[in-house]
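Asks: Residue-level listing of the chains:
Number of protein chains: 2
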Amino acid sequence: MQGKWRENLIKIKPYVAGEQSNDKDMIKLNANENPYPPSPQVKKVFEKYAQNSDGLKKYPNSDSIILKDAIAQRYNVNRNNVFVGNGSDDVIALSFMAFFNSDKPILYPDITYSFYPVWCSLIKIPYKTIPVDENFEIHAEDYYTENGGIIIPNPNAPTSICKPLDFVIDIVEHNPDSVVIIDEAYVDFGGESAVELTKKYENLLVTQTFSKSRSLAGMRIGFAIGSEELIATLETVKNSYNSYVMDSIALEVGTASVNDEEYFKECVNKVIATRERVRDELIALGFDVKKSATNFLFATHKEYSAKEIFEYLKTKKIFIRYFNVPRIDNYLRISIGRDEEMDKMIAAMKEFFI
Amino acid sequence: MQGKWRENLIKIKPYVAGEQSNDKDMIKLNANENPYPPSPQVKKVFEKYAQNSDGLKKYPNSDSIILKDAIAQRYNVNRNNVFVGNGSDDVIALSFMAFFNSDKPILYPDITYSFYPVWCSLIKIPYKTIPVDENFEIHAEDYYTENGGIIIPNPNAPTSICKPLDFVIDIVEHNPDSVVIIDEAYVDFGGESAVELTKKYENLLVTQTFSKSRSLAGMRIGFAIGSEELIATLETVKNSYNSYVMDSIALEVGTASVNDEEYFKECVNKVIATRERVRDELIALGFDVKKSATNFLFATHKEYSAKEIFEYLKTKKIFIRYFNVPRIDNYLRISIGRDEEMDKMIAAMKEFFI
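Taken in order, these protein sequences are the chains called E and R.
Numbering-wise (UniProt numbering), the first sequence opens with residue 1 and increments by one.
Numbering-wise (UniProt numbering), the second sequence opens with residue 1 and increments by one.
Treat the hints with care, since some could be wrong.
Intra- or inter-copy, both count: the list cannot distinguish identical chains.
Cut-off 25 Å, straight-line C-alpha distance, at most; resulting in silico cross-link-like pairs (BS3-like, lysine-lysine) [stated by the list, open to error]:
1) Lys-265 / Lys-58
2) Lys-302 / Lys-128
3) Lys-291 / Lys-307
4) Lys-48 / Lys-24
5) Lys-344 / Lys-58
6) Lys-350 / Lys-48
7) Lys-58 / Lys-48
8) Lys-200 / Lys-344
9) Lys-291 / Lys-104
10) Lys-48 / Lys-13
11) Lys-199 / Lys-4
12) Lys-24 / Lys-270
13) Lys-44 / Lys-291
14) Lys-124 / Lys-104
15) Lys-199 / Lys-124
16) Lys-124 / Lys-11
17) Lys-200 / Lys-13
18) Lys-43 / Lys-302
19) Lys-350 / Lys-58
20) Lys-11 / Lys-344
21) Lys-265 / Lys-302
Just so you know, the hints here were simulated from the structure itself, not pulled from any lab data.
Pulled out of the complex, with its shape left as it was, chain E reads as follows (with noise of 0.2 Å):
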């Protein structure tokens, strides 16, 4: 007897990460990961485990006190207002549970990370998007429609494009009746937070993540800040799918990377100043480059095709990303890496050009 137990099975497309490689020698510059090694605080932890244990055969702190504690501290808010989980990919999808219960559509640009339809599907949530336009550019006009809430990056991704903070306040304060998402995933590289909005604005979430600016990409960690109604709301959808998400390691670990400031600024500091360098060649050699508050940088070339480029540099061992999506399918995202990194893709494109 055949079962009809397939009927039964979900129907979604999952989201599509960029390539891994085993490769030790490759060059990868397209997954964002910061070139830098994590703070050396992080090694302290290690050290304790090694030593000991034991305390690993226990649940973890279900309330993830001590990291909590931390961030709230470093972002000067109280522990009430900040929410992490297991990486900002788990803050937000556990946000888009907790705040788009509505029948209106929820809205973001078209251009955007591409997870957010993916939620969408998985967790039923109508949505529409809203065209970036031709310079890749959000306007907030745009967003003064009905709808059932509201996620931006700033910066956007892959674009790499930051709006001021005023921007952002314009999207607030025209949607009363929304809670408005506003993804900093890349804002240590040069954007302004919207952190210290949240203290008048109880409809507006921050989410922010270890994965770039602190070098943790490997430890699942990231963060939400908010108003207290917000962030129970947070609390209670996290309790209602699993109460223990992060584990005793990520916790101690992400609260030495946050104590650690002066390393952190360290490492931010010579991402940016690589970035901008690179940015400067690239324009050189006859790239149109976006100006970038990221850790990677968003071109499109006069002459030659994105995929062609692309292509070429992975036979070279060099890997960036492309997206084969409409708008954007003559563009490059390249990720920031160490100089020399970046240098050897310099002269691979100047190879490719010649």
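Using the hints, position chain R against chain E.
Replies: Below, chain R alone, put in the same frame as chain E:
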């Protein structure tokens, strides 16, 4: 202007976990944690990262290959039959999303893991609970009814009762139109695993956890074994929710644990020996105690109220679990700790009974 954004917030009742405490003197027998530390092999992972934690700047392997391969080898299946997640709560929540997409109610016992109704509420899945009998036994024929899916823990919690594999076969064979999930969180302490049956029944999924028998509650590792089709669907849902849910450390710690079979068996056998001794002592004290195939005992006293015993023990800094819910509100769930912890609990009970 007062915004209406609150109308879009989710309304839901979260799962309530066992009480936590930071008191080092407390005897914690309320969360079914293992009293023994994880495998000593786990420390080698931390030693490695204490030397060099640079790798954490990169995203983890999103396919979790090292851990899947270790589990596949241990359980005699292929990599494509294994799914891993952030604790079995994550694995089961994703399974609800992946497999329970029907208008018909899913079925599970009325007395069981209290997270199931919470997930149904979060993911909007209709459900119907099937009463266990007056001895808390589950009967397969009660599940010969139309449904959108079935989940049964075996052994069941908090009853500690285990059913033989014939019961699982009976359920699966009578439900060819549904995915059947057997939640084996406690199976290592005396149950018979249905993993081998997944080779025959494509609609059977078995879930397990590293939190109990492998002493890694703090690390958040769970897994599922099933047909390639079920596992591929789970992977799609995971990649639509959070592609990198397993952090790099959890993947390596889990692998080290699975590969140390000898230590695993030694710990499980110690817990079982303590459980059997304590069960006899509780019976001698006037308790009715179910035959347990788990790392906890489910007990009711002929004369004294469960709630009062629970509260008395708390004053002695001994935490066991009491559920103030219908049918089991005169029962206690007692996790198996070290022998000396159990002796203190028995001594405290004797004090109370004098």
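Asks: Look at each hint and say if it fits the structure.
Replies: These are the hints, each one checked on the structure:
In this assembly of identical chains, Lys-265 and Lys-58 lie within 25 Å of each other by CA distance solely across copies; the values are 19 Å between and 35 Å within a copy. With identical chains, the CA atoms of Lys-302 and Lys-128 are never at most 25 Å apart, being 32 Å at best within one copy and 62 Å at best between copies. For the identical chains of this complex, Lys-291 and Lys-307 are intra-copy neighbours only, at 22 Å inside a copy versus 65 Å across copies, given an alpha-carbon limit of 25 Å. For a Cα distance limit of 25 Å, the shortest separation of Lys-48 from Lys-24 across copies, 18 Å, qualifies, whereas the shortest one inside one copy, 29 Å, does not.
Taking identical chains as interchangeable, the C-alpha atoms of Lys-344 and Lys-58 lie at most 25 Å apart only when they sit on different chains, with a minimum of 20 Å there against 47 Å within one chain. With identical chains, the CA atoms of Lys-350 and Lys-48 are never at most 25 Å apart, being 48 Å at best within one copy and 40 Å at best between copies. For the homomeric pair Lys-58 and Lys-48, the shortest alpha-carbon distances inside one copy (16 Å) and between copies (23 Å) are both at most 25 Å. Proximity of Lys-200 and Lys-344 under a CA criterion of 25 Å is satisfied in neither setting, with 47 Å inside one chain copy and 53 Å between copies.
Taking CA atoms no more than 25 Å apart as the test, Lys-291 paired with Lys-104 passes in neither setting, with 34 Å inside one copy and 53 Å between copies. In this homomeric assembly, Lys-48 and Lys-13 never come within 25 Å of each other (Cα to Cα): the closest approach is 42 Å inside a single copy and 37 Å across copies. For the identical chains of this complex, Lys-199 and Lys-4 are inter-copy neighbours only, at 18 Å across copies versus 52 Å inside a copy, given an alpha-carbon limit of 25 Å. In the homo-oligomer, the alpha carbons of Lys-24 and Lys-270 lie at most 25 Å apart inside one protomer (23 Å), although the nearest pairing across protomers, at 44 Å, exceeds that limit.
In this homomeric assembly, Lys-44 and Lys-291 never come within 25 Å of each other (Cα to Cα): the closest approach is 38 Å inside a single copy and 45 Å across copies. For a Cα distance limit of 25 Å, the shortest separation of Lys-124 from Lys-104 qualifies both inside one copy, at 12 Å, and across copies, at 18 Å. In this homomeric assembly, Lys-199 and Lys-124 never come within 25 Å of each other (Cα to Cα): the closest approach is 31 Å inside a single copy and 33 Å across copies. Both within a single protomer and between protomers do Lys-124 and Lys-11 lie at most 25 Å apart by alpha-carbon distance, with minima of 12 Å and 16 Å respectively.
Neither within a single protomer nor between protomers do Lys-200 and Lys-13 lie at most 25 Å apart by alpha-carbon distance, with minima of 38 Å and 28 Å respectively. For the identical chains of this complex, Lys-43 and Lys-302 are neighbours neither inside a copy (46 Å) nor across copies (54 Å), given an alpha-carbon limit of 25 Å. Taking CA atoms no more than 25 Å apart as the test, Lys-350 paired with Lys-58 passes in neither setting, with 55 Å inside one copy and 28 Å between copies. Taking identical chains as interchangeable, the C-alpha atoms of Lys-11 and Lys-344 are never at most 25 Å apart, the minima being 42 Å within one chain and 53 Å between chains.
In the homo-oligomer, the alpha carbons of Lys-265 and Lys-302 never lie at most 25 Å apart, since the shortest distance is 35 Å inside one protomer and 65 Å across protomers.
When the structure is compared with the earlier hints, violations turn up for hints 2, 6, 8, 9, 10, 13, 15, 17, 18, 19, 20, 21 and for no others.
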